[in-house]
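K.L.:
Sequences and hints are given; from them, build the entire structure.
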Amino acid sequence: MFSRSLPVKIAIISAASLALVFGASSFILSQGTNRSLNGQTDALQADVAEKEANTVRNHLDQAATVADDIAAASLAVRGAGSDERAMQDNLLKGILEKHPDILGTYTAWEPNALDGKDAAFVGKPGHDASGRYVPYWNRGAGKVVREALIDYDKPGAGDYYLRPKTEGRAVAMEPYVYPVGGKDVLMTSFTRPLTIDGHFVGIAGVDVDLGTLNAQLGAIKPFDTGLVALVSKTGLAVSYPNAKAVGKPLKEVDPGAADAAAKAISTNKVVKFDAKGPDGKPWRYLASPIAAAGTQDTWAVVVQVPVSTLTAQVDHNNRFMLGISLLCILVAAALVFFVLYSLVGKPLNSLKSSFDRMAGGDHNADVPEARRIDEIGLIGKAVMAFREGLRNRAHEESEAEIQRQLLSERERQDAMSRLASEFERAVGSIVSEVSLASGEMKTSAEALNSIASRTSGQTTSIASATEQAAANVRTVAAASEELSSSIQEITSKAQMSSTIALQAVEQANLSDARIKDLEAAAGKVGEVVSLIQAIAQQTNLLALNATIEAARAGDAGKGFAVVATEVKTLAAQTAKATEDISSHIGTIQSATTGTIDAISAIRATIDEMNQIAQAITGNMEQQGAATTDIARNVHEAAKGTDEVASHVYAMAEATQETGRASTVALDTASRLVEQSSHMQEQIARFVSQIRQR
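In terms of the working numbering, the sequence shown opens at residue 162 and continues consecutively.
By construction, these hints were calculated from the structure, which means they are not laboratory data.
Beta carbons: idealized from backbone N, C-alpha and C, even for Gly.
Some hints could be false.
[Stated by the list, open to error] List time: in silico DSSO-like cross-link candidates among lysine-lysine, alpha-carbon distance up to 30 angstroms:
#, residue 1, residue 2
1, Lys-394, Lys-405
2, Lys-430, Lys-409
3, Lys-409, Lys-382
4, Lys-412, Lys-424
5, Lys-394, Lys-409
6, Lys-344, Lys-412
7, Lys-433, Lys-409
8, Lys-170, Lys-212
9, Lys-344, Lys-409
10, Lys-254, Lys-344
11, Lys-405, Lys-433
12, Lys-285, Lys-344
13, Lys-430, Lys-394
14, Lys-212, Lys-437
15, Lys-254, Lys-304
16, Lys-254, Lys-278
[As the list claims (entries may be wrong)] Label-pair distances were calculated between CB atoms; the ranges are:
#, residue 1, residue 2, range
17, Lys-442, Leu-236, 25 to 33 angstroms
18, Ile-174, Ser-469, 34 to 42 angstroms
19, Arg-565, Asp-828, 55 to 63 angstroms
20, Ser-582, Met-657, 54 to 62 angstroms
21, Ala-247, Val-338, 26 to 34 angstroms
22, Ala-404, His-360, 42 to 50 angstroms
23, Asn-215, Lys-315, 32 to 40 angstroms
24, Arg-565, Ser-593, 36 to 44 angstroms
P.N.:
Below, the structure written as structure tokens:
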């Protein structure tokens, strides 16, 4: 939700912009601050280096000055008296005692250069086997003692003597370890050539204990985490916090410091660079060269500090500025969000609510933002114009819907009227045919009933005549003429009965055909009723679909829903009416089937009656032909008469059965006529209802 909010998006964009601005500003400011702090730290480191270089320089200069003093004093004492060598010893001893940082003072003269008396001092204290004056006053076992210098004429070990002699200048010796009082001591020597009229006559020098300088420099911790190293010209560690490195090549322990010192010594300039320190992390090295006591032997003071220490303040400032920037960004973003939400987000949400109400069909929704005089107010006025457009459109759509419903109603009424007319024509003709067939069937049934009545009467007469013939046969001897007359009459009646039976058969066949037509018509009515039922079902389905569509359309489809409901009701009534018609048609078909069966039985009975009548006629003719032989055939005549009587009784029963069947057929035809009339009334009422919808 918030990801789609305009104030949130603008606040995020503003925060990003502020972050960019603050980031750029912070970067520029931090760069300036970094440069300033780096400049300050570099200056401070340089100050430390310069300060410590001055300290070392002063320390070495003091020692070198002592050597200069010894040289000057030795030359001054030379030639001062007979005990010149003793005076030199007193001078050296006094100077040593006066300077506790000096380990030893000494002079070394060329052969006989001091007083020309070397031979006299061979093997004496302060002299070697040649008698040369080479005294070395030092603090041996804790007290000042005098010894003779050794190896002064050997390269390497005697460089303190040979170098000033050959180079003709003051020399600062490389640090070395020398046992003093049974303890190895790191020291250096400062020697000066002694010259008379430009000729080298010897050296004067001092040995300086570098332990004090090492302890002094080792205690210095620039920025609390750094260190100070003193490196000789050849890269030996004169002073270093790691005691194991002192007197050894510094490159083995701290290559960065060794490189810085080498560059400073070779260029005779202050050198600064960053390199991997003794702990494997970046360190900043600053090496300052120093000329020991005015000699040409340059050493270097290296001040080295971890870069993290130098940039700690910068990093702190950067973190502080980053925190301030983030805080400012968050505060600014919150203010922007609050202001934008108040000025834009909330009004836009209100406009959205107005749109939602309009979308829900409320075309009178209030738009309070339209009363504002800013851009939101312009949007609100546009929303009001949109609302008016929606209202007009809704009104137009409502009018169009009413017109569409009216047109649809007219089309529906026309369709229903056409359907009613077609139904009336289709079903009316069938019902008319059924009614006509029913009438004809009724007429045929009435005729059949009349014929059956007449046949029954005639059969009664035949029965009476037969009884009379039987009596006559029993009295044949007395009434032969009456017998002949009766036989003729019987023959005539039998022929008439046969004729009537034939007529009854024809009427029965006609009734059978009419009833079959009626049955076929009833079948057609059933088919039409099935068609009506299908139409009613389809109409019901269409009404159901219309109801669903009307429900989907909401208020706009209410009118159509009412029509769909009426159509559905009409379809239900149609279905009920067709069910009634189907029921009546079923009754008609059942009655028709019964009538057909009854007529078939009547026709069979009449056929039998016809056969009986024909048999009677034949018998009577035979009796008439044999009237002359009546006496001889009385017995046979009696038998024939009995048979005739039996057949006549059977014919009477058949005739009665025919009467009953014709009565049933008449009743069935009457009911069929009534049902046809009822069906016509139902169809007329159904068509009227359809036309009224």
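K.L.:
Which earlier hints turn out false for this structure, listed by number in ascending order?
P.N.:
When the structure is compared with the hints, numbers 8 and 17 turn out to be violated.
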